[in-house]
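Make the full structure from the sequences, and use the hints.
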Amino acid sequence: MQNEPNSIEFDPHSQMIQFIWSDDDLTLAFQPHQLRLHCPCAFCRAQRVRQPFFVVQEDITVKAINSQRYGVQICFSDGHDKGIFPWSYLKEIA
Numbered sequence: 003m004q005n006e007p008n009s010i011e012f013d014p015h016s017q018m019i020q021f022i023w024s025d026d027d028l029t030l031a032f033q034p035h036q037l038r039l040h041c042p043c044a045f046c047r048a049q050r051v052r053q054p055f056f057v058v059q060e061d062i063t064v065k066a067i068n069s070q071r072y073g074v075q076i077c078f079s080d081g082h083d084k085g086i087f088p089w090s091y092l093k094e095i096a
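So for the sequence shown, this note's numbering puts the first residue at 3; every next one is plus one.
Everything hinted at is true.
Derived DMTMM-like pairs: lysine to aspartate or glutamate, alpha-carbon spacing no greater than 20 Å straight-line:
1. K65 with D80
2. K93 with D25
3. K65 with D13
4. K93 with E11
5. K93 with D26
6. K65 with D83
7. K65 with E11
8. K93 with D27
9. K93 with E6
Have a look at the derived ranges for each label pair, beta carbon to beta carbon:
10. Q53 with N8: 34 to 42 Å
11. I22 with P54: 26 to 34 Å
12. F55 with S24: 33 to 41 Å
13. R52 with S24: 34 to 42 Å
14. A96 with Q53: 20 to 28 Å
15. A66 with I22: 13 to 21 Å
16. F55 with N8: 32 to 40 Å
Keep in mind the hints are simulated off the structure, nothing from the lab.
Since we're looking at a predicted model, the values are computed, not measured.
Glycine is no exception: its CB is placed at the ideal position from the N, C-alpha and C atoms.
Structure representation (structure tokens):
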């Protein structure tokens, strides 16, 4: 699943993000808290190694979603925006 989804849908009320691949008949849905916990950037990966119980605010929200050819950058309300989630990684953490 390296290809870009056909659409990315974001509901600002529920904060649910959906990635839809119509050619694979696949939809992945995430809450911001789940994605922030699994941020793939080097800083967050190192934090998870040092702190197995990595803490993220429960009420974290999405401020922006930037789609790239190879993944998606999500900007969170805690100011974090360094991680780019490859399409294949989203499937792994779903």
